[in-house]
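Asker: Quick mapping for you: the protein sequence lines, in order, are chains A and B. Per this note's numbering, the very first residue in the first sequence carries number 1; after that it's consecutive. Per this note's numbering, the very first residue in the second sequence carries number 1; after that it's consecutive.
Just so you know, the hints here were simulated from the structure itself, not pulled from any lab data. There may be inaccurate statements among the hints.
[Claimed, not checked] Beta-carbon label-pair distances, calculated as ranges:
no. : chain 1 : residue 1 : chain 2 : residue 2 : range
1   : B       : ASP205    : A       : GLU394    : 28 to 34 Å
2   : A       : GLU394    : B       : SER28     : 25 to 31 Å
3   : B       : THR177    : A       : VAL16     : 26 to 32 Å
4   : B       : TYR14     : A       : PHE346    : 56 to 62 Å
5   : A       : GLU304    : B       : SER28     : 37 to 43 Å
6   : A       : ALA366    : B       : LYS122    : 34 to 40 Å
7   : A       : VAL377    : B       : SER28     : 47 to 53 Å
8   : A       : GLU394    : B       : SER146    : 27 to 33 Å
9   : A       : ALA366    : B       : GLY115    : 28 to 34 Å
10  : B       : THR119    : A       : ASN269    : 54 to 60 Å
11  : B       : TYR14     : A       : VAL377    : 34 to 40 Å
12  : B       : PRO42     : A       : VAL377    : 47 to 53 Å
[Unchecked claim] So the derived list for chain B, only partly shown, Cβ under 8 Å to chain A, looks like this:
no. : residue
13  : ASN52
14  : PRO110
15  : GLY114
16  : ILE116
17  : GLU120
Cβ coordinates follow ideal geometry from the N, Cα and C atoms, glycine included.
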Amino acid sequence: MGIAFAAIRANKMRSVLTTLGIVIGIVSVTLMGTAIEGLNRAFNKSIASMGTDVLYIQKFPWFDNGDNWWKFKNRRDIRIQHAKALEKYSEYAQAINPMTGTIRNVKYGQKLVENVTIFGSGPDLLETSGATVAFGRVFTQLEAEGGRPVCAIGSEVAASLFPNENPIGKVIKIGGYAFRVLGVFEKQGNFLGTESLDNRIYMPINRFFQEFMSFRSGITILVKAKSVKELDDTKEEVRGIMRKSRGLKPKEEDDFAINQQEMLVQTFNQIGGVIAAVGLFITGMSLFVGGIGIMNIMFVSVTERTKEIGIRKAIGAPRRTILLQFLIESAALCLIGGLIGIVIAFPLSLIIDTVLPTAMPLSVVAIALLVSVFVGVVSGFLPAYRASRLNPVEALRYE
Amino acid sequence: MSTIIRFTNIAKVYQVGEEQVHALDGVSLQIQKNEYVAIMGPSGSGKSTMMNIVGCLDTPTSGLYELNGTNVSDMNDNQLAKVRNKEIGFVFQTFNLLARSDVLHNVELPLIYGGIGSTERKKLARAAIERVGLTDRIHHKPNELSGGQRQRVAVARALVTHPAILLADEPTGNLDTRTGEEIMLLFDALHQEGNTIILVTHEEDIALHAHRRVRLRDGKIERDETEKNRKSPARSTLNIA
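Pulled out of the complex, with its shape left as it was, chain B reads as follows (with noise of 0.2 Å):
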């Protein structure tokens, strides 16, 4: 079982004014394959911050963080926007689609700024569209579709690439009860299929999904449990992480 991510002592200090406030004070976690993590949390314990350090949008103050084994603490813009597109799937609360495109552009982006050639582009891409059972949809735009159907757009996006993590930032958090279980279902799924996924909530119920939930406050870890041979809520599969 390979480490996928290894965060050691990791800080992130931002200056508010005169006032320097610690959003993350020294965090050392680690994420193996095939994990299924929710970072939780209340709004100021740092966990939007440690969701935008993960998932390589920011670096951090101080400390050390290596993804997929490679060190990307330090990296320029545009060699961690190489490491977003090629190991991140990022899945977010407003979808963050692009209003003017189609599902099949909106999913093949990824692609595009990966450098990937139409055709291959459009066989990875459909695929994506399938695995979240929006074929018949490919050529809809997103304001003609549901809320649930979008956020089955941003994880074909996601997919699409297979990074080496899935990224869920409050995934739920814009849907009515029953389509958010339906999308949690799909990660779920996916977690199965042997992804990595992290989600970033504040929803017990959702976390519950995950096999492991890390709470912070204040910047600092307070909990990390694993669950050991724990059957899925939703699901009655072994986990085999």
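Looking at chain A on its own, in the form it has when it is part of the complex (with noise of 0.2 Å):
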């Protein structure tokens, strides 16, 4: 060990150089490790919104190969008769709420928020849609039958709106209607890192459909499993209600989709998990070449050595001994490069966040210095090897 240290000590400059290869590649398989950490993170978080238990009808399928596109928008719209049908007939569902939405502007007095993401749902919009209410309420059963021109505004909104004064009772114009605010929603953050889910107006849908749709246009309607348990047994029953309320006979075959979150789970760890193996592995190319860098220094080392290991072995070091002593040279070589490197990689990641999502737990640092100790390893083998084969007569006799 000491042995070890003592010569990389005494080659420093040569030792940096090699050891900037294995830098180099720690610090981008760290960021890669991070980003693809930090994307997982962001997308699990936002998925949480959506809840396990909530199915979701649509026309599209939310993942399909993209040759049925014109067969899934032929079909017949999703409309609210259904959301009816399923809520007198569904005995598994907690909560059905049909829900469509549309992109306006919203004024109250001077201030202007463009590009608001408006909603019209059920009464049980809290249920299905993961928001939780930060003050005031949502609209009741009885303001969503009537079609009262009321709305919950999402934070942001909020905050653009009323700066300095309580929303509650006031009443805001969407879209050119006017509309008395209720209540106020959770901070919630974005979805994927991209659509912010504070920046919506939920109203009841059927004032939506006067104001701004016709009630024959299609809507998506979120379905609440009393569990995840019987999500199966719900999914069975709500088709079945479907095709019953959309007349189709039963060799046809159905003419909507019932989309889950896990669809989307099992999406994107295919994709994630496509991205991650690829950057992984082009990242892990710049450590290969690292780890060759090692192995190229090694064997000058050994070469420059010969005539030590000769002295070495004639005083009676076994070659197991030589193996271990050029092994730790390497991987403390390489441990070393994979500690600057995290220190490299850290601020770095940190920068990163600001664009992408990224997470920096103790697992990666771990493998990255578990890596960087393996390379050290293996690119250290063979050069160890041979200076443990050396014959001593022969090495001693080397100037």
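Build the complex from these two chains, which are given one at a time in their own frames, with help from the hints.
Answerer: Listed below in structure tokens is the structure:
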């Protein structure tokens, strides 16, 4: 151990240059790792807002290879009457919420917020959306059925329109129509790092149809199961009710899709897995190149120190000890490189975090260090093996 | 009196291209404990090969070599390394010290490979360094020492494991005459203390320090002469061998 570090110290410049390869390798691999980890975390956080126990009844399935686009496009729309049928017949469903949306500008006095996502929703929106009310309330069953001009607004909208006022009871203009604010939602953040979940307004869907869209237009029906365990049963029941209410004959295939969060997770894991594999492979290449640099320098080191190896062997160093000496030397070189790499990668990941979500958990650090030691041992093995097999007579004669 | 080295019909053949070179050609030899032997011969006589085999750096092509009662002629690399560590103390013409390590570390190195614990190791190494009179240089690097001092460090390193034989290959070859003579006096004294010493040399006056001279020529023993009850040329002490 001491011998190995003494050898590294003795060739500082060379060691630094060689280690640089490992440093660069570890920096790129670590950054890739943190980016992947960050994306995963962001995704999981976003996906949690959807709820694992909610089914989305829509015309289009979420994931399809695109060949059937016209077929899905030409399907009959999902309508409010289907939601009514589900409400009437479903026993597994805990909540059923018909929803649709559009984008409008919102005004309060002189203040304007552009491009707010406006949702028409049933009264069960809290149960199916994952949103919670910060203060005030959402609309009641009565207000929903009566199609009252009331709404609950996202925290971002509230902050923009009412910087110094209590928004409750105020009247805002959504796309030119007046609505009374009943409540404000808790801040929710971004969905997959893009769309803000707080730049939204929810209103009764009946009102939505009056002001923004015909009631004949397509909607999404959210069905919340009583528990995740019963999700499959709920799905089957919902499917039956939908088929019946859409008058499908037994042999006809479904002309609607029942989507769920799990599909998103699966697809993300597939795509994310491929991205991670490719990314780590490419960055791994730089680590590999660094490893070759280490191997090269260890070969030089072994040749240069042939005489020393001869002396050590003459006074009784067994092969194993010589092998270990050089393995430890190369592993130590790489470990130092790995440590420097992490020290560099950490602030870099914080910089990248402003653009892309990143996270550097201890596991990434530990893996990076393990990998660098592994690279050291692997690339040091051949040179060390050669050193250990040197013939002492010839090694001693070497000048 | 016990036999330390027993060579029975030792041969070493090198393949040089198409040709076979018989570096040693059936050498039989016995060396007793506390003998002081010089192995002599012109270059190409097989003297280096002899030294390599005696020192367990190399194995004979055929023949039997018993060191301290153990057959070492067909041991593998690791077994030989162990034998070198325990039984043989090398002193080389070019000193062969580790340039980056100080005197103490150079001397304790064989003990490290012998698996001796740190405290015991330091004690033994300091004793060996004291024996060659370099206690005040214990933390010097080899390049801070004179040639004679370096060779003393090498002797200390050879002594530190209390080996069965001290094997010196032209120990004065890189030293001036006076320093060389000092080193030889050290060997004489070590012999007086009961060590078995084998010198490999081609210099007659160095060989005169030994009590027995084995002359090689063309891979064979040409002459093997032992002085009976002689007085050491360097010191007026009795040869008790």
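Asker: Compare the structure with each hint and give your call.
Answerer: Going through the hints against the structure:
The beta-carbon spacing between ASP205 (chain B) and GLU394 (chain A), approximately 31 Å, falls within the hinted interval of 28 to 34 Å. The hinted range of 25 to 31 Å is satisfied by GLU394 (chain A) and SER28 (chain B), whose Cβ atoms lie roughly 27 Å apart. At about 47 Å, the CB distance of THR177 (chain B) to VAL16 (chain A) disagrees with the hint of 26 to 32 Å. Between TYR14 (chain B) and PHE346 (chain A) the CB atoms are about 59 Å apart, so this pair conforms to the stated range of 56 to 62 Å.
Roughly 41 Å separates the CB atoms of GLU304 (chain A) and SER28 (chain B), a value that falls within the hinted 37 to 43 Å. About 37 Å separates the C-beta atoms of ALA366 (chain A) and LYS122 (chain B), a value consistent with the hinted range of 34 to 40 Å. Restraint check, VAL377 (chain A) to SER28 (chain B): a C-beta distance of roughly 48 Å satisfies the suggested window 47 to 53 Å. At roughly 29 Å, the beta carbons of GLU394 (chain A) and SER146 (chain B) sit within the given window of 27 to 33 Å.
With their beta carbons about 33 Å apart, ALA366 (chain A) and GLY115 (chain B) fall inside the hinted range of 28 to 34 Å. The given range of 54 to 60 Å is respected by THR119 (chain B) and ASN269 (chain A), whose C-beta atoms sit roughly 58 Å from each other. The hinted range of 34 to 40 Å is satisfied by TYR14 (chain B) and VAL377 (chain A), whose Cβ atoms lie roughly 37 Å apart. Separation of PRO42 (chain B) from VAL377 (chain A) is about 49 Å and conforms to the stated range, judged on CB atoms against 47 to 53 Å.
For ASN52 (chain B), the interface hint holds, the least distance from its beta-carbon to any beta-carbon of chain A being 5 Å, beneath 8 Å. About 5 Å separates the beta-carbon of PRO110 (chain B) from the nearest beta-carbon of chain A, less than 8 Å, and the hint is met. Interface hint status for GLY114 (chain B): upheld, as the beta-carbon distance to the closest one in chain A is roughly 7 Å, under 8 Å. With a least beta-carbon distance of about 12 Å to chain A, the hint placing ILE116 (chain B) at the interface is violated under the 8 Å criterion.
Given hint, GLU120 (chain B) at the interface with chain A, is violated; its Cβ is 17 Å from that chain's nearest Cβ, farther than 8 Å.
In this structure, the hints that do not hold are numbers 3, 16 and 17, in rising order.
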